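S.K.: The primary structure of each chain is shown beneath.
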Amino acid sequence: MNKSLKLRIKPVFKNVDIARIELKRFCEEAYPGSDAADRTTDLCLAATEAMNNAVEHSGAGEITIQASAEKGGIIFQVITAGREFDPTAGAVSMPELGDELELPEGGFGLAIIKQLVDSVRFDYTGSENVLTLEKKIIS
Amino acid sequence: MDIQTNVDGDTAEITLSGDLVASVADELRQQAIRLLEEKVTRVLLNMRCVDFIDSSGLNVCFETHKQLRERSGVIVFLAPTRAVSRIFKLTGASQKLKIAATRDEAISYMKGDRN
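Heads up: the sequence lines are chains X and H, in that order.
When you read off a place in the first sequence, starting at 1, and then add 3, the result is the number in this note's numbering.
When you read off a place in the second sequence, starting at 1, and then add 142, the result is the number in this note's numbering.
Since no wrong hints were added, every one of them can be taken at face value.
Here are the in silico distance ranges between beta carbons for each label pair: (1) X:R86 with H:D168: 23 to 31 Å; (2) X:S7 with H:V149: 46 to 54 Å; (3) X:S122 with H:C191: 31 to 39 Å; (4) H:E179 with X:G36: 45 to 53 Å; (5) H:R245 with X:E99: 25 to 33 Å; (6) H:E179 with X:E31: 39 to 47 Å; (7) X:I78 with H:Q237: 27 to 35 Å.
Just so you know, the hints here were simulated from the structure itself, not pulled from any lab data.
What you are looking at is a predicted structure, and each value in this text was computed from that prediction instead of being measured.
For every residue, glycine included, the Cβ atom is placed at its ideal position computed from N, Cα and C.
Excised from the complex, chain H in its bound form (with noise of 0.2 Å):
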């Protein structure tokens, strides 16, 4: 998996492209680890490229939804591909995640979040 970051004062772009799987999940907890270090509170995670999630790349999602939220942050998954909205759906984690269909819908719902 492929992970590429742009940050930008306390927000972050984070892209993945591959499959979010056991192997590599540890990865993506790392970069956002580093990324709360450097005070980043917000972050859109860029799912287009994702092409297969397993358990282990869900619960780093969740692991970072609630790290930020600990921090008055925000996280915004950016326009999961299918298998990845099926994992979601079927969990439940759909009700819980902030899940954008565009990039703009994405943005307003983090500038909404700033207080």
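So here's chain X without its partners, still in its complex pose (with noise of 0.2 Å):
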């Protein structure tokens, strides 16, 4: 069983789609069972979010994604070299409904991924951007 993945793409939204779709497998491989599926989802969601992010915000070339498995849980983070971009520094809260003619028509990504992992931290390191998401797969 593989305890590590790496892939780094080009930022396009399709490419997005292919590193879910290898994160899902990960997942998958390393906490099999249906009592994992759903926190497996989760976690596929938020680093769908994030990714996605990374592809409409940061202004990187490249994006590295890395997934480790350990302690009943998922790592996943993404990377960017560049400029400091935060992807948390916007509202964390999940945006209000309002009556059905005043839909929100964006800004749920950031407030998906803290509701849907157990822990997101930034870390700049003077050259590239690291966004680390923290998910307990199995008890």
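Dock the two chains into a complex; use the hints.
M.R.: Here it is in structure tokens:
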């Protein structure tokens, strides 16, 4: 069983789809069984939002995706080189849905991430942006 | 993602298969715009075969809902899968969007919303 996954993708949404499929496969191999499935799906959704965010806003020419299975959970990272870009700096609470004519047309990504994983951390190393998501999959 | 559309007068059924995500969300958006231009006011969005949805897909659902309501129309989301239901519930969308478990329920709602 692979304990880690690493991909480098060009920043287009179709590559996020490919990365998500690879991540899902990695998680299912690391933590097989129906008990883990819901948490794996949650992690994949949060990861998708994080990758989409990097595609749309980071300005990077390449995105590195890393995942490792350890201590019953998954640590997932999105890494981009270049200027500092903190995707966690925006609003963190779920947008309020107003009456039927005022549904928000954006802004759910970060709030969804925070609801679905156990921790979100951003670090800037001076040359790389590193967004780390952690999710416990099995007890 | 595959999009199949059947139009009957002012009513359309859109059947989606696959992942409703950022890379394909605009396809659904464009299809919805075409239907609005054709004066469709009742839309049944069949989500039985949508395996995964992200916030881009969710946004298109919201946009289409809003555009139809502004034209006194209606959209019903039919039989969302577990993964889609999860996102609808997490974001509160399940409180604001009309979601039907069965086709009969969806059609009944659309007829009742005729006024």
